[in-house]
Amino acid sequence: MKTFWRKLVEKFTPGAGEKVDWEALLLEADLGLALTERLTRLLSDEGLTRKPREAEERIRQELRRILTAHTPKVANPERPEVILLVGVNGGGKTTTAAKLAFLHGKEGKRVVLAAADTFRAAAVEQLEMWARRIGSRFVAGSPGADPASVAFRAHLQAEEEKAQLLIVDTAGRLATKSNLMLEAGKIRRTLAKRDPEAPHHVWLVVDGTVGTNALSQAAEFHRAVGLSGLIVTKLDGSAKGGMIAAVQEELGIPTVFVGTGEKVEDLESFDSERYVEEFFGG
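Residue numbers (full-length UniProt numbering): 1 to 282.
To be clear, the hints were calculated from the coordinates, so they are not data collected in a lab. Hints may be right or wrong, so weigh each one.
What the hints assert, rightly or not - Below, a list of computed lysine-lysine pairs in the DSS-like style, where the Cα atoms sit at most 27 Å apart:
| hint | residue 1 | residue 2 |
| --- | --- | --- |
| 1 | 193 | 162 |
| 2 | 109 | 162 |
| 3 | 19 | 106 |
| 4 | 263 | 106 |
| 5 | 19 | 109 |
Note that this is a predicted model, so its numbers are computed, not measured.
Work out the full structure, taking the sequences as your base and the hints as a guide.
Printed below as a string of structure tokens:
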């Protein structure tokens, strides 16, 4: 992200005083069609299409406005706070679950990790390994068990052990597989039977290198389970990151955390001001 914007400006700027192809530039920055069209109209209406420096500052202002328009819900329940993680295969859900547990564990919270992916033994084993390493409680079901029942039992255990946080890692699913999406919805409804406020957060874990495909993923999951936040993984310099603004602009879903590496401590709360500066290479 440090030099990406600079390269784009050079690529789409013909010469001094000439019109920049802002639409092509913004699309290549992964800002999505809707946001790109709105920003392009804005620059045109304000007479900035031939003024790259002023146009860039105007885009900065708009990105800041977009990213502060929605504030992530903060839950402070008397019962365990519940985070439900969803996403497609390969997005980094299981590792992210461990990173979240580690982060909250450092704050002195008792954390329970639940492996609701009962169809992939490797995913269960991976999460169990992480739980041992970071000192979190771990709950899993037998192979092929109902994922919702695992979530139910995990919540029961979290309450019995007076845990402050329950993180439920679900099976990786394709957004187009309706049966798997229905399963995620069932997990959500089952948790609500234990606590009407649960899950307090439903976060989509998305690979930061997939570009605007993240927008279509978010739209599908939002329709199925009602997302409250986004966690973007692999945002360590190779990803453009424009889709963060696109998802928030079009769906109103804020980014809550970003993964910046493979180590368990490589998870940071999303900082919108830092994001905007790094997006432009500042």
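Straight-line Cα separation of residue 19 and residue 109 no greater than 27 Å? violated (55 Å)
Holds or violated: are the alpha carbons of residue 193 and residue 162 at most 27 Å from each other? Holds, at roughly 18 Å.
Regarding the pair residue 263 and residue 106, is the alpha-carbon distance no greater than 27 Å? At roughly 15 Å apart (the allowed maximum being 27 Å), residue 106 and residue 263 satisfy the hint.
Pair hint outcome, residue 19 versus residue 106 [Cα-Cα no greater than 27 Å]: violated (51 Å)
27 Å limit on alpha-carbon distance, applied to hinted pair residue 109 and residue 162: holds (10 Å)
Going down the numbered hints, you'll see the structure goes against 3, 5, while the others check out.
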